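Trainee: Here is how the chains run, residue by residue.
Number of protein chains: 4
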Amino acid sequence: MSQQRIGVWLVGAHGGIATTVAVGLAALKRELVDEAGLVSALDRFRGLDLVPWSSLVLGGHEIRETTAAAEAAVLHSKSRVFGDDLLDVVEEELALLDAEVRPGTLTNVGKTIAKFGGPKVQALADEAPVATIARLRKDIEAFQSSLGLTHVVVVNVSSTEPPLATPAGEKPLQERTWAELSAALAQSTAASCPVPASTLYAIAAIEAGADYVNFTPSVGSDLPALDELARAKQVLHVGRDGKTGETLMKAVLAPMFAARNLNVMSWVGHNIFGNMDGKVLDDPINKANKVRSKDHLLTEILGYKPTTLVTIEYIEDMADWKTAWDHIHFKGFLDTKMTLQFTWQGCDSLLAAPLVLDLVRFTERARRAGECGVPKQLSSFFKSPMGADVPPEFGKQYDLLEKWAEAALPQGKSQK
Amino acid sequence: MSQQRIGVWLVGAHGGIATTVAVGLAALKRELVDEAGLVSALDRFRGLDLVPWSSLVLGGHEIRETTAAAEAAVLHSKSRVFGDDLLDVVEEELALLDAEVRPGTLTNVGKTIAKFGGPKVQALADEAPVATIARLRKDIEAFQSSLGLTHVVVVNVSSTEPPLATPAGEKPLQERTWAELSAALAQSTAASCPVPASTLYAIAAIEAGADYVNFTPSVGSDLPALDELARAKQVLHVGRDGKTGETLMKAVLAPMFAARNLNVMSWVGHNIFGNMDGKVLDDPINKANKVRSKDHLLTEILGYKPTTLVTIEYIEDMADWKTAWDHIHFKGFLDTKMTLQFTWQGCDSLLAAPLVLDLVRFTERARRAGECGVPKQLSSFFKSPMGADVPPEFGKQYDLLEKWAEAALPQGKSQK
Amino acid sequence: MSQQRIGVWLVGAHGGIATTVAVGLAALKRELVDEAGLVSALDRFRGLDLVPWSSLVLGGHEIRETTAAAEAAVLHSKSRVFGDDLLDVVEEELALLDAEVRPGTLTNVGKTIAKFGGPKVQALADEAPVATIARLRKDIEAFQSSLGLTHVVVVNVSSTEPPLATPAGEKPLQERTWAELSAALAQSTAASCPVPASTLYAIAAIEAGADYVNFTPSVGSDLPALDELARAKQVLHVGRDGKTGETLMKAVLAPMFAARNLNVMSWVGHNIFGNMDGKVLDDPINKANKVRSKDHLLTEILGYKPTTLVTIEYIEDMADWKTAWDHIHFKGFLDTKMTLQFTWQGCDSLLAAPLVLDLVRFTERARRAGECGVPKQLSSFFKSPMGADVPPEFGKQYDLLEKWAEAALPQGKSQK
Amino acid sequence: MSQQRIGVWLVGAHGGIATTVAVGLAALKRELVDEAGLVSALDRFRGLDLVPWSSLVLGGHEIRETTAAAEAAVLHSKSRVFGDDLLDVVEEELALLDAEVRPGTLTNVGKTIAKFGGPKVQALADEAPVATIARLRKDIEAFQSSLGLTHVVVVNVSSTEPPLATPAGEKPLQERTWAELSAALAQSTAASCPVPASTLYAIAAIEAGADYVNFTPSVGSDLPALDELARAKQVLHVGRDGKTGETLMKAVLAPMFAARNLNVMSWVGHNIFGNMDGKVLDDPINKANKVRSKDHLLTEILGYKPTTLVTIEYIEDMADWKTAWDHIHFKGFLDTKMTLQFTWQGCDSLLAAPLVLDLVRFTERARRAGECGVPKQLSSFFKSPMGADVPPEFGKQYDLLEKWAEAALPQGKSQK
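Protein chains in written order, with our numbering: chain A, 17 to 432; chain B, 17 to 432; chain C, 17 to 432; chain D, 17 to 432.
Just chain A, same shape as in the assembly (with noise of 0.2 Å):
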């Protein structure tokens, strides 16, 4: 693999996990620091030949107008990330991907995500959707012939986008096929446009020949008719929303209460943290996409309902420092009532830029493989993966990746 570069396009180029997955990767290749927080380097898939952090190269989309070294200044202030003097030997780095950051679209992002777009995105506002596809299709194109790459995945990264209303008398998205959504497509506006700003990206990136992984739980290529591009175009496309905290604790714990047959009554989660993402959230439109997200796993592990409570709040001074509190109430034998608590504090950009480059490694090794579509081995990385046909469970998930790399190493040389 050691000659060839791999592109890593992240939508949301800007943002905290980008701009950490930069920091990151900077200092991998500089051998600066260790690869904890990173799955794809533990020792159970060594020998699986990923891609080395040295090959990869990075660009995106981004609705912002900033640099990576100001965004990585600001996590580092705030919120006491990066060791000492890591940003200055990175400065270089950072402006390499700078270089590589193209304007995205503000089309369907909602009012709180269109705020923050800069001048040349504003400028764009009218852009008709085929135009928008065909521009940022380009943009990817260009980044591969440019700089040589052998290909190149992209990742949504950015900010959640709210829901997106089916108008009444037409087809919801998800019963459409390609042909049906592309010529909506065709005659739309910005105003108009069927899909969110998530899907016009992963039609650009598939159409393009990268892979789409989707971080966030906008709905990016969740669509009957994207899955049917994908494969048509032999790529692979996965997501949804990234499993970094809360919920992978809720992956974790609801399987033993399960097998266990101890009767969760209730599960309250309060979720509190500032930065970007959070900002995003406190507009109720935006937090509606992300609460279903994180609810819907415990009905499904369970078996029943519990009571559930999710709340995702906005608290400027935390940063990037996401705290959850859930408290957990459950029933044990002869009706006892019992109480689990758990307090999360994690380092929201920190938990998520390490999984960007895992799903960036195991997919480009699945396309090697020969694999399009959706590769269900990576369920384990999201909140709501697609395609999913295990439970919810992460072990069970994480047993998929397990098995996957198991039947992908050479005879003999297994790591396990």
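FYI, nobody ran anything at the bench for these hints, they're computed from the structure. Check each hint, because a few of them may be wrong.
As the list claims (entries may be wrong) - Partial list, derived from the structure: chain D residues whose beta carbon lies under 8 Å from chain C: (1) 53; (2) 57; (3) 99; (4) 264; (5) 355; (6) 356; (7) 367; (8) 369.
Please read all numbers here as calculations on a predicted model, not as lab measurements. The beta carbon of each residue, even a glycine, is placed where N, CA and C say it ideally should be.
Given chain A's structure and the hints, the job is docking chains B, C and D onto it.
Mentor: Just chains B, C and D now, kept in the frame of chain A:
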């Protein structure tokens, strides 16, 4: 199964767990409660033809002189467990247990436990080990024959013994054959007995042809010599130390940190509770056995040794409510230190008792399937499972149980 | 004091707090329990000649049709409170309360509360406000005269009302004199009544010559017009909103942060519980009154406004157990961000009921001392104390009570 | 005040607290940070004419051989404290401190501390106590005269010493007069020295005419003999053991339980941290002094002795971040058991350092007001305040400070 009656012989027959087993079984027989907390009652194990509640009959050994009703009343008033009128309804059934309780032994139980011994066991203080084994065995055999029981499962639910040092110049217990051990026993007095009380009970059980389950961290049958004896007698034996609370959480959470390559720097666990078990563990010698049992699995699951600390403290007013506070300090991407804390507030006897019933049912079922020796499918029930050949991850252990059940289910009857 | 009998008239006579007052008072009269939780029973208030338990007699208004015994049984079984045989012993006394319960009013209680109204109050739905006041007053007077009570204290322990908007063009309630308000009442119908139900009860109480205590965040007597009336009638009135749990903690902890110059950046509080009060507060309109009452004191104590968030959520299985999780993020020396979290697990009615008894005793004692208007020494009992002239720091508020008691104690009898 | 310069002589001059004092003072002089965390900077103490930051000059005794810059760098990297460029800016000022650091003494510091002693103090290991006192005194006097300081305040911020047993047959230290103690010192060798190191430093300070503040649980000047000496020399001395975290919380919360007559059954506190203080306290002998200091106040405030447990554990990866988890189990009305838990996550040195600066300013101000002996108004700063005549409730203690300040303020200048 329904005509046959199965005996459950509880060592520690008037302790908190045994008392809860008695109350709970009586309630289950009368269908006064649902089956929450019982693993064996899950849909996935239906169709296995497990022994029904109505077929189970209780008896046991005990060193104190009290009654099940008195112990149940204390648990009820101190710990506010057992529904309101439940104790009145089950009074008769508790008396049936009392009628089948026989004096245990104080040999090698240690000073702290010995203090609780009543006149009957005090009078037997000088009994030679071979005489003790014979007496205990006869009690079990008489229980079986007088009540016409098809089979008996002995379960150790007594207080944790202190570790027993190997006298200088003697071969460690772990290295002796059954021939060597039984010869040593034949020559020893109560004062020079080479094995702890739990092992005397285990020998008696196995020689009586009963299966043996060790729900405590005491040695019990966890010796090569006893495994040899068990296989010779064609019985099952399994243990050690029921996994009900904080350690269950460790077995569930540690695999998550491992799977995500999050580096656990320290895992600190503080446990407070106020029941008899707590009083006994307040003696540092008895506590040593327990702490060891709660701590080793982190290293085994993580593959490296984090800083660990486990305290277990007797706080009388907590009664049977065990509260554990765990603080897990871990390092993620780019050396970012994060924290997970949990507080577990569980009622100890109420968590343990249903597992005792599960172990009886699964063990009895394995016996009917012709198994002997250590049933590895029961690993998920124990902190330090005997004969384990999977890592102590709860998910992997539980898989063994599910696969065993699947294999045992009649074709076409799988309920999963 | 001992020959005289004092009436306690509870508005919300069959609610959780009133029921607990009834059970508790009966138990205190029989000396079945100690005086834990009762402020007025502390050594420092001995010698004040407070009214003894045996002299208190209960009655009240209620909108539902139930019995004290039925409500006590629900509390007992759902929330596992009240010792085992307590309810049997106090049954007779609870029946005495039932005999003195009269229908309340649904005027301006809001839709959520109105739904709980029984046939008797539904039948009175069109009663004019002046008729309602007259009826409620007659109930209190009849209670006093028929039972030969020296004096009556009315306590509002009913559910929280929604705020009542001032109709366009009308003078806000806060600016009206008693003459203006009583004129408006005389002309209004149930539908156009200018005051909430709690104020109708307060007027009835004051006109009956009873003292009035408002344990809820509802308006009650907290209007200049009612203060005017109370002083004219020479009675005491005091409130609002008993301070039992999370807000008590705020009133205790915020002064610490202020005294140490630790800068509170954010204070987030999440409350879950499952009693009737929770069900009513689940209506966002009713909740508004409550959240306001829980939040303002931080700014007053700290002298600046931190980011604050208070949620109150109805989680049915929690029953009367209110769990509050507070996360306080503060900045110390050299901009160092630190955190304090607490979890309060208290039983709401059991925390409130003794304070109701305390307020009755202290109010009655103040009356004997010749006080009228708002007794400021009772500030420490309330979240938003009426007439407060000290900052809402618990310590400073409690000092007022101690100093008042010291002044009231006969010379040489101080017990402190 | 502004022309005069005041010396701050730190015993433990290169420890975490002293290092933070040095960094913080340098930052305050340059106005690089606000005054958060500093009690003396509150509005309520303005107008007192406290010594300004620019007038304070640092020096001290130390047993290790290191530099302030090196210690600050360790704190910064391990505990992620101190803003980013702060250490560069204050480097010069830290060097000024280094120039004024002199070797301390190892006499009676105990084995665990002695291990950290550098060559200079090791070489002085046999120095007779009177010689040690004379040397330490000369260091303080030279500091004052060479730098032209108006006055010096000595502050003990060194590690906690083990308790010193009274040799059989000798009079306890608490019962000796200064004449007796100084006679015993004159005859003793380093090996037979009757007092701990902290007392040697205290004697040197007092004899040098400096005020003495003991921020640790070590004995220091807390002996009748030293009080006698201090009054003779007309200096102030005060301590013991700065109240920064868990004990501050106890002093704030316990009065709430007392005021509400909520019966505290048990109060369990677990503390983990990883700084030098933690390493020293990991020695059970040194820990004994500390635990005693943290525990007694509950009984004093509550008026009865609940079950208490305090653990202090060294967990290296926690660095300077002390996390305390407290579990308070209390009984309210009708025997209802309830729970309060809190988790305090504070940075130890950053909490302590500003209090050291406060104590210097308030002590120096008291001296200017002509006070000598123990300034009781400083009680709120200490876990076990010397000469305290109010109960150890934080509110009552803080009142003393506010009243003292009010009395000291020039007429008409009160800022409150």
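Trainee: Against this structure, judge whether each hint is valid.
Mentor: Here is what the structure says about each hint:
1. 53: holds (3 Å)
2. 57: holds (6 Å)
3. 99: Cβ of residue 99 of chain D sits 6 Å from chain C, so the hint holds.
4. 264: With a closest approach of 7 Å, the residue 264 of chain D hint holds.
5. 355: holds (4 Å)
6. 356: holds (5 Å)
7. 367: holds (6 Å)
8. 369: With a closest approach of 6 Å, the residue 369 of chain D hint holds.
When held up to the earlier numbered hints, the structure conflicts with none and fits them all.
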